[in-house]
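Trainee: Read off the chains here:
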Amino acid sequence: MPATAIRLGDPVPIRIWRGGVAEEVDPAALLAAAAAGDRGAIGSLYDALHRDVYRFLAAAAATRGPDLDDLVQETFIVALRSARKFSGRSTVKTWLFGIAFNLGRTHARAEARRRRAMARAAQLPRVQPIRPDQGAQANQQLEQLAAAIDALPYAQRAAYVLNVIEGVPAAAAARARGLRLGTLGRRVHDARRRLAPIVGRSDP
Amino acid sequence: VSELERHIDALARQVEPFAPSAERAARTRVRLVDAVASDRGARRWPRRWQLAVGVALAGALAAGTVAVTRAGGGESARGAVAASDGADYAREGAPGREVVRVRRGVMRFVVSPLAAGESFRVVTGDGEVEVRGTEFYVAVIDDRLASVAVAHGTVVVRHAGASAPAVLGAGDHWAPPTPPLPPTPPPATATRAAPSPPAASVIPGTITVTPLSGGAGRQPADRRR
Numbered sequence: 016m017p018a019t020a021i022r023l024g025d026p027v028p029i030r031i032w033r034g035g036v037a038e039e040v041d042p043a044a045l046l047a048a049a050a051a052g053d054r055g056a057i058g059s060l061y062d063a064l065h066r067d068v069y070r071f072l073a074a075a076a077a078t079r080g081p082d083l084d085d086l087v088q089e090t091f092i093v094a095l096r097s098a099r100k101f102s103g104r105s106t107v108k109t110w111l112f113g114i115a116f117n118l119g120r121t122h123a124r125a126e127a128r129r130r131r132a133m134a135r136a137a138q139l140p141r142v143q144p145i146r147p148d149q150g151a152q153a154n155q156q157l158e159q160l161a162a163a164i165d166a167l168p169y170a171q172r173a174a175y176v177l178n179v180i181e182g183v184p185a186a187a188a189a190r191a192r193g194l195r196l197g198t199l200g201r202r203v204h205d206a207r208r209r210l211a212p213i214v215g216r217s218d219p
Numbered sequence: 325v326s327e328l329e330r331h332i333d334a335l336a337r338q339v340e341p342f343a344p345s346a347e348r349a350a351r352t353r354v355r356l357v358d359a360v361a362s363d364r365g366a367r368r369w370p371r372r373w374q375l376a377v378g379v380a381l382a383g384a385l386a387a388g389t390v391a392v393t394r395a396g397g398g399e400s401a402r403g404a405v406a407a408s409d410g411a412d413y414a415r416e417g418a419p420g421r422e423v424v425r426v427r428r429g430v431m432r433f434v435v436s437p438l439a440a441g442e443s444f445r446v447v448t449g450d451g452e453v454e455v456r457g458t459e460f461y462v463a464v465i466d467d468r469l470a471s472v473a474v475a476h477g478t479v480v481v482r483h484a485g486a487s488a489p490a491v492l493g494a495g496d497h498w499a500p501p502t503p504p505l506p507p508t509p510p511p512a513t514a515t516r517a518a519p520s521p522p523a524a525s526v527i528p529g530t531i532t533v534t535p536l537s538g539g540a541g542r543q544p545a546d547r548r549r
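Residue numbers (the working numbering), protein chains in the order written: chain A, 16 to 219; chain B, 325 to 549.
Hints are computed from structural coordinates only; laboratory data are not their basis.
Each hint should be verified, as a subset may be incorrect.
To be verified - Distance ranges between label pairs, derived from CB positions:
#1 B:ALA418 with A:ALA51: 48 to 58 Å
#2 A:ARG208 with B:ALA414: 49 to 59 Å
#3 B:PRO489 with A:GLU126: 21 to 31 Å
These numbers come from a predicted model, not from an experiment.
Ideal Cβ positions, reconstructed from N, Cα and C, are used throughout, including at glycine.
Build out the structure end to end from the sequences listed, making use of the hints.
Mentor: Here's what the structure looks like:
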C-alpha cells in the first residue's frame, strides 16, 4: 500500500492511500491499530515513518550496512510491543526516535567492542567495496564533519542528531530519552565542542 | 548558542542524510510485517504449550548433539556447521582450538563469539579461513577454496595465491585470484553423511551438523524472531 507522510512529525495526521483514495489518519490511532495486529496499519505506520527512523538511526548509530535494516525493524517491533506505554506527550515520531536511541546505543557498544577486538587481533588491510561515485563530488569539509559526527561518543552523537539535525525540540528530545534537559544540553554542547576543529574557525 | 555553534549546526544539517532505497525499505517492510505476525502468533500460544514445545525441542536438540558429538570423536566446538550433500570434511584440532578441514562442498558456519585464546579455523588444501565469531559460507572444490561469503561478523582469509590476508566483514565476498577447476561429481558415499535435525543453531560447547538445503541462508530478519 503506497503511503506518504504529510511532513515530519505529528500531530499532523498521516496521509495514507487506500485504493487510490487519500485518507488522513491520526498517528496515535495508527499506532494503536498496528499494535493490535492490523497488518495494514503496521505497513502504513512503517510507510509513514520508516524514512525518519532510517535517517535517524543511520546518523545516530553511525551505520549504513545490513545492521541498519535490523535496527529499523527492531525499532518498530519494540514500538508495537510497547505501544500501550505511548502517552501522547510526544509525537509518535519522537517516541520512535526514543526507542531507536536505546537500540542504537546497544548497537554502538557492540560495534565499538568489535572494532577494538579487530584492531587488537589483526592490523590488516580491510577489504572495502568500491564506490566510484563517492568522494569526487562530495565536499571535503562536509565529509570530514560527517566522519567526525560518526566518531562522536554515542550519547553525544545521538543527542546531537536528535536535537540539532532532526530538529526535535530539546525538551521533547530530553523527555523521549528520559534525560534531564540540562543533561541533553550538555551532550549537545560537548558534541559541538568536538566538531569545532573540523569547521576550522575560532569562536568570536 | 554562539556563532561558531550555529555555523557547526548549519554545516551538520548539510551532511547528506541517509535514505534507504525503495527496494531496501520494502524488504524491511516485508520482514517487519512477517515478524510481527509470527510474534503475535507465538504469543497466542498458551504458556503450558510453549513450555511443552520448548522441552521437546531441547530434548530433540540434545539427542542430535550427542549423536553428532560421538560421530565426531567427542570434540567440542563453538559453532554450528551445515554442510551440503556430499560434502567431505572433518573436524580436527582440540577444544577451544577448533579446525574444520574441508575438501569439498558448500558449508555454512555459525560460530558464537570466541573467548580469549580460542580459535576456529576452516582449512582447505590451499588456504584457511579464520573466524572471529560470525556466520559465513565457504565453498570448496577439489580441496581448493572457491568462495567465502560473510553474513555477520568478521573472518580472515589466508590463501596461497594471495600475498596478504583479507579481512572480510558482513556482506563481503571473497574469491580466489584464479578460478578453481570445475567441480567433479560427488562420490556415492561421502566421508560423513549429514544427519537431518532441524535448523542449525549455536549451542556453545557443542557442534551440530545439519544438511544445507538450497539457499538456506538465514536472513537477518530471522535473528529477530
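Trainee: Confirm or reject each hint.
Mentor: Here is what the structure says about each hint:
no. : hint                               : result
1   : B:ALA418 with A:ALA51: 48 to 58 Å  : holds (54 Å)
2   : A:ARG208 with B:ALA414: 49 to 59 Å : holds (58 Å)
3   : B:PRO489 with A:GLU126: 21 to 31 Å : holds (22 Å)
Figure legend: structure checked against the earlier numbered hints; every hint is met.
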